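Student: Given next are the chains, with one letter for each unit.
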Amino acid sequence: MIHEGDFFGIVGPNGSGKTTLLKAILRVLKPQQGKILFRVEGGQGEGEEYEEGSPRDTRGQGNAGTPSVSASPALSRSPVRELSLGYVPQHNQVDQIFPLSVLDIVLMGRFKKLGPWRKPGKWDRQVALKSLDHVGLLHLAAKSFQELSGGQKQRTLIARALAAEPQILILDEPTSGMDLTSEKKMMELIRALHERVGVDNGGPLTIIMATHNLNLVANYAKKIAILHQGIVLGPTEEILTDENLSKVYQTKVSVRVVDGSKVVITGGAEC
Amino acid sequence: MLEYLQQPFFRNAVIAGLLIAGICSYLGVYVVLKRIVFVGAALAQISSSGVALALLLGFSPILFSLLSSLLGIALFSLIPVRKKIPMEGIIGVSYITASALGVLFVAKNPVGEARALNFLFGNILTVPEKEIVLLVSVALSIGLVHYLFYKEFILVSFDYEMAQAQRISAGLWDLLLYLTLGVTIAFSIKSAGILIVFAFLVVPAVTARLVTDKIKWVFALAILFGGLATVLGLYLSVIFDLPSGSAIVATSVGILVLVTSLNTLKDLPKALKLSLILVAIGGGLNVQMDRVAGGELSPETLEPSPGPPPALQEPLPQAPISRQPPPPQRTGFLQSLNPDMRVEVNFIGNKTFQGEGSGEEAETLRNRFSLKEVELGLQAAVDPYARADVFFSGEDLLGEESQVSLEEAWLTLLRLPLRAQARLGKFRSLFGEINDRDPAEFPFVDRPLVLVNYFGDEGDIETGVVSNFVIPNPWETHMLLWLGIYNGDNEVAFHGGEARKPAYFSRFEVFRELGPATGFEVGTAVITGFNDPEGEFRTTMENFHVELEWKHPVFSEYKSFDWVGEIFLSQREGTGGTEDTLGLYTFAQYQLTRRWFLSSRYDYSQLPIDRDSREWAVSGIVTFQPSRFSQVRVQYKHTNRNFDENEENVDENVEEVFFQFRFVIGFERPEPF
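Chain order of the listed sequences is A and B.
Once you know that position 200 of the first sequence is 200 in our numbering, the rest is easy, because the numbers rise by one and skip nothing.
Our numbering runs 1000 ahead of the 1-based position in the second sequence.
Please keep in mind that the hints were generated in silico from the structure rather than gathered at the bench.
Be careful, since some hints might not be right.
Below 27 Å or equal to it, Euclidean Cα-Cα: the simulated DSS-like pairs (lysine-lysine) are [to be verified]:
id, chain 1, residue 1, chain 2, residue 2
1, A, 262, A, 222
2, A, 130, A, 113
3, B, 1216, A, 130
4, B, 1214, A, 143
5, B, 1214, A, 130
6, A, 122, A, 143
7, A, 222, A, 143
8, A, 222, A, 185
9, B, 1214, A, 113
10, B, 1216, A, 122
11, A, 30, B, 1084
12, B, 1216, A, 113
13, A, 130, A, 143
14, A, 143, B, 1084
15, A, 112, B, 1559
16, A, 143, A, 30
17, B, 1216, A, 119
18, A, 262, A, 247
19, B, 1214, A, 119
20, A, 122, B, 1214
21, A, 185, A, 143
22, A, 112, B, 1216
23, B, 1130, B, 1559
Model, not experiment: these values are computed from the prediction.
Could you build all of it, start to finish, from the sequences and the hints given here?
Tutor: Encoded structure:
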């Protein structure tokens, strides 16, 4: 169960289905089994469960053991129950030859809200620039996306997701291909967005992040799910234990604290 | 360039080419950026095999082109991708299947492989106006869809997954994008052929992408480069007599090479690079224009082929100057310093059943075979501004009075101010429509009575200067004015050059196309000079002529109709006052099949010195023309006249049959008119 305002990490070995799970939440892929259910918390319709994208008057049926995501009511005026999900793909999975500027790409986040026909207007531009400001790339708005570094590309894609004014920000391996410094900066940024951008909307921004890097989730995510022939889910401190990890990764894994940061190491070496 | 645009077929080709270049180059940006170049190639191939099938079955090519293109899209988007076979594999199989089917359909086409292939590979020079209307509507619809859904198309092309995640119906938008591509390819293939279409889907977009990093500029420049390639390519194809499609594609690639090489100069600002490209292209165009203007390459080489040609050749330079230079590129290197040569032989047989034809020529021809004329022509460019023509003629070579003489010799100045040309020397006087032709070029064996009576057996050959002007006008009508001064060399009409007093000549002619297959010409001319050695008595003659020519819009080589009418008026002063006389003839010819022609002629003429003496004649003519270089003709002629040699009143009928065999070796005179 992911709650509104969570910073949720999804970890697991390669091939465990992290990306597949994210795509199922995004409804890009249809689950072969089970459902992704959302439950209304507080206000009108308290406790009501529904499937994302279902017609408004249909009620959800039971929980088939799949992860649930909580959301506030009356967020969307469309005839189907839709959440605004901001998706951030890996920067190296995005096309590299399209001659688009950073602002062009961030504006894409507005397209869903605009609907067909309508061109982005002044307001959309302001939202896009604000999103760029959030990720610290305002000065690069006019620059060509191709010319950016990996980290800058990733930030642009985050800004694009933010421009959609999402209720949930979903990131797939946001630090892939980054060195230690960039990795840290990126995670600090995501934490800042979790706290700052979310606060504008009345609470921390819900973040779901999939990564194979246990160190990242250990230090940033408040809750995690480990995917491995099933799912282990709960607060980070409870889940990220030597015992759980060793079982999942089939090798000795230890969690230690070094200089105030949690470090996950393999081979059981003592620090 | 502008003179070519006055040609309807060239104008149509430019318009159609620009429309196709516009939409294909625009969509090409998606094709290149989405990395679906191979899909573009396969769709084009599938579409063109649809055209081939339609031609085989006799259905509408556009409909089949569209259906097969949409079928291709359905195939690519609906067939589930299997793990073992990549999408490229399916596209490749479709491509090769479509190519093979296209060839098979063409091979089995009863219309003939050549014609079907022409359809299949398209000939942008034969695009009819109807198709342009269709292309305009396609371009407008595609343009509207792309204007409305620009952001959706960009999003699904750039990041399909993001579009899915945003719950934008990514699949539908992608399908719509492919549909616009399919429709565009289907309609363009029919008009321009597979080569041009596929080239426009790739080359301009690649070129534009190299120049700029801004997506909107990529679209704009792709369209610009596609358009430039069309105009420049068509122009070069006409000048150098190249296949239009390949010329356009080669030009397009030429622009790409130019851009790539300029792109290596990395330090230059982009705007400067773009201007350099445009200047270089413009420069190339200018050089060509200069070559044409300098007479080195002449617009007269413009000949649309194959397919339905325009009904009538451009009358401009051909009417006054009947002997054209051969296209320069056909001249071999070693021969380039020699003049071109031509020998024409006109062999005539006559059988007169009753009476005797009038005039010396009729007397020469009567009841025997005559090698009427053997003509030797030499022709060469003197320099880019002038051309020389010399014709020697051997007449009556088998008879007793055989003689070889200089028949005509003149210099043509091709490039004078005010779009004028001038001719100096000895030549046919251009007075009247048929008078300016060599007798061997007549569509009948004998000279019409009126010309014999007014100018004698040779027609009016004069020494002097004449020049012609094209009169610009806004009515899509071709107007020409001739002004000339002659010696008055003709011995029948004038003084034979003895009285050193010139004859003045003027002619005005209007030509207009009545639709794509019909041309209409009217003209008038006046010539005035003295008819006696002392230069006391004046002869003034007027001419009015009209010609209507029709060619079958598709089978222009097989069916045609031609009608000519000419009236001559003469006011001849003499000791007894002024004699007002009139003569006329009218001639109609119908082409039965490719090689057989049926025609008839009616003549009426008074004698210029005696209005009471008159003769009329009717002729029926059958012509067999195995090629443009040889001709066999039989003519039956009935003549009635009311005078005899001593100009005494009689009522005499003449019945005669002519047989003519004519052939030419060497360069060919183009058809007058």
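Student: Against each hint, give a clear statement of whether it holds in the structure.
Tutor: How the hints compare with the structure:
no.: 1; hint: A:262 - A:222; in the structure: 13 Å, holds
no.: 2; hint: A:130 - A:113; in the structure: 16 Å, holds
no.: 3; hint: B:1216 - A:130; in the structure: 24 Å, holds
no.: 4; hint: B:1214 - A:143; in the structure: 10 Å, holds
no.: 5; hint: B:1214 - A:130; in the structure: 22 Å, holds
no.: 6; hint: A:122 - A:143; in the structure: 19 Å, holds
no.: 7; hint: A:222 - A:143; in the structure: 35 Å, violated
no.: 8; hint: A:222 - A:185; in the structure: 18 Å, holds
no.: 9; hint: B:1214 - A:113; in the structure: 25 Å, holds
no.: 10; hint: B:1216 - A:122; in the structure: 19 Å, holds
no.: 11; hint: A:30 - B:1084; in the structure: 23 Å, holds
no.: 12; hint: B:1216 - A:113; in the structure: 23 Å, holds
no.: 13; hint: A:130 - A:143; in the structure: 16 Å, holds
no.: 14; hint: A:143 - B:1084; in the structure: 40 Å, violated
no.: 15; hint: A:112 - B:1559; in the structure: 63 Å, violated
no.: 16; hint: A:143 - A:30; in the structure: 37 Å, violated
no.: 17; hint: B:1216 - A:119; in the structure: 14 Å, holds
no.: 18; hint: A:262 - A:247; in the structure: 19 Å, holds
no.: 19; hint: B:1214 - A:119; in the structure: 18 Å, holds
no.: 20; hint: A:122 - B:1214; in the structure: 20 Å, holds
no.: 21; hint: A:185 - A:143; in the structure: 21 Å, holds
no.: 22; hint: A:112 - B:1216; in the structure: 21 Å, holds
no.: 23; hint: B:1130 - B:1559; in the structure: 23 Å, holds
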